[in-house]
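Listed below, chain by chain, are the residues.
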Amino acid sequence: AQSVTQLDSQVPVFEEAPVELRCNYSSSVSVYLFWYVQYPNQGLQLLLKYLSGSTLVKGINGFEAEFNKSQTSFHLRKPSVHISDTAEYFCAVSEKGYNKLIFGAGTRLAVHP
Amino acid sequence: EAGVAQSPRYKIIEKRQSVAFWCNPISGHATLYWYQQILGQGPKLLIQFQNNGVVDDSQLPKDRFSAERLKGVDSTLKIQPAKLEDSAVYLCASRWGTGEQFFGPGTRLTVL
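Chain order of the listed sequences is A and B. Throughout, the working numbering is defined as the position within the first sequence, counted from one, plus 8. Throughout, the working numbering is defined as the position within the second sequence, counted from one, plus 33.
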């Protein structure tokens with residue numbers, strides 16, 4: 009069975025500092041990987057996805073993530089965060105050929121001035 | 034392009050009452066999903082529709098939850114009777130073909 013572990017439930021960071029949100033997954037088959045962002049009282053918005061090809065994926069709002077198959081990780085990074093990046097971030101996996109998403113528990117990113 | 038619409042946005046009920054949520058997906062999206070997001074957890078898939086047929090309802094508590102998608106467009110999710118542990122945000126998402134899932138704003142249910 010597939011599962012997703014987000015290693016940090018909360019990440020506090022100062023504005024303009026770099027940030028990394030960690031995600032590890034387990035699966036016995038090939039997968040697609042996703043990062044979603046959820047702002048307060050809103051639905052989820054796709055930040056980026058890895059389907060195949062280059063392991064470094066660039067998304068919206070200056071975020072990027074790197075797929076590491078050997079470490080079964082898909083960590084999200086941003087070189088310089090803004091106050092507006094304060095939100096909940098969810099890593100998700102789906103088995104190739106299917107479209108059921110399995111989500112991690114989320115990481116709350118809090119950007120302080 | 035209009036996004037996924039959900040109503041109501043908030044609902045407070047007593048335990049053992051019934052409640053229904055409504056979702057209008059993006060026009061033309063054949064696939065519709067209902068997720069349950071309990072506070073502090075990631076969303077969990079409850080049911081997936083392809084047009085008006087059920088593709089996956091393996092995690093739907095069928096003794097109290099039901100969902101339908103008449104005519105393959107709008108969908109309703111019902112809980113009867115509600116329990117305290119049903120307090121959560123219920124998210125609807127839709128998808129066209131093999132593209133990404135687009136999520137609605139959710140309905141926050143509080144069961145007292």
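Treat the hints loosely; a few may be bogus.
[As the list claims (entries may be wrong)] Calculated lysine-lysine pairs in the DSSO-like style (CA-CA distance at most 27 Å, straight line):
hint: 1; chain 1: A; residue 1: Lys77; chain 2: B; residue 2: Lys95
hint: 2; chain 1: B; residue 1: Lys77; chain 2: A; residue 2: Lys66
hint: 3; chain 1: B; residue 1: Lys111; chain 2: B; residue 2: Lys77
hint: 4; chain 1: B; residue 1: Lys48; chain 2: B; residue 2: Lys116
hint: 5; chain 1: B; residue 1: Lys104; chain 2: B; residue 2: Lys48
hint: 6; chain 1: B; residue 1: Lys95; chain 2: B; residue 2: Lys48
hint: 7; chain 1: A; residue 1: Lys108; chain 2: B; residue 2: Lys104
hint: 8; chain 1: B; residue 1: Lys77; chain 2: B; residue 2: Lys104
hint: 9; chain 1: B; residue 1: Lys77; chain 2: A; residue 2: Lys104
hint: 10; chain 1: B; residue 1: Lys95; chain 2: B; residue 2: Lys111
hint: 11; chain 1: B; residue 1: Lys116; chain 2: B; residue 2: Lys77
hint: 12; chain 1: A; residue 1: Lys77; chain 2: A; residue 2: Lys66
hint: 13; chain 1: A; residue 1: Lys108; chain 2: A; residue 2: Lys66
hint: 14; chain 1: B; residue 1: Lys48; chain 2: A; residue 2: Lys108
hint: 15; chain 1: B; residue 1: Lys77; chain 2: A; residue 2: Lys77
hint: 16; chain 1: B; residue 1: Lys48; chain 2: B; residue 2: Lys77
hint: 17; chain 1: B; residue 1: Lys77; chain 2: B; residue 2: Lys95
hint: 18; chain 1: B; residue 1: Lys77; chain 2: A; residue 2: Lys57
hint: 19; chain 1: A; residue 1: Lys108; chain 2: B; residue 2: Lys111
Think of the hints as simulated: they come from the structure by calculation, not from any bench.
Going down the list of hints, with the structure as the test:
1. Lys77/A / Lys95/B: violated, 37 Å
2. Lys77/B / Lys66/A: holds, 26 Å
3. Lys111/B / Lys77/B: holds, 16 Å
4. Lys48/B / Lys116/B: Given that 27 Å is the threshold and the Cα spacing comes to 5 Å, the pair holds.
5. Lys104/B / Lys48/B: Violated: Lys104/B and Lys48/B sit about 31 Å apart, past 27 Å.
6. Lys95/B / Lys48/B: holds, 17 Å
7. Lys108/A / Lys104/B: holds, 23 Å
8. Lys77/B / Lys104/B: With a Cα-Cα distance of about 25 Å, the restraint between Lys77/B and Lys104/B holds, given a limit of 27 Å.
9. Lys77/B / Lys104/A: holds, 19 Å
10. Lys95/B / Lys111/B: Status holds; Cα separation ~10 Å.
11. Lys116/B / Lys77/B: Satisfied, since the Cα-Cα distance of roughly 17 Å is no more than 27 Å.
12. Lys77/A / Lys66/A: holds, 17 Å
13. Lys108/A / Lys66/A: holds, 23 Å
14. Lys48/B / Lys108/A: violated, 30 Å
15. Lys77/B / Lys77/A: At roughly 25 Å apart (the allowed maximum being 27 Å), Lys77/A and Lys77/B satisfy the hint.
16. Lys48/B / Lys77/B: Judged against 27 Å, a Cα distance of about 22 Å means the pair holds.
17. Lys77/B / Lys95/B: Given pair Lys77/B, Lys95/B holds - Cα atoms ~15 Å apart, limit 27 Å.
18. Lys77/B / Lys57/A: Distance of about 19 Å is within 27 Å: holds.
19. Lys108/A / Lys111/B: holds, 21 Å
Going down the numbered hints, you'll see the structure goes against 1, 5, 14, while the others check out.
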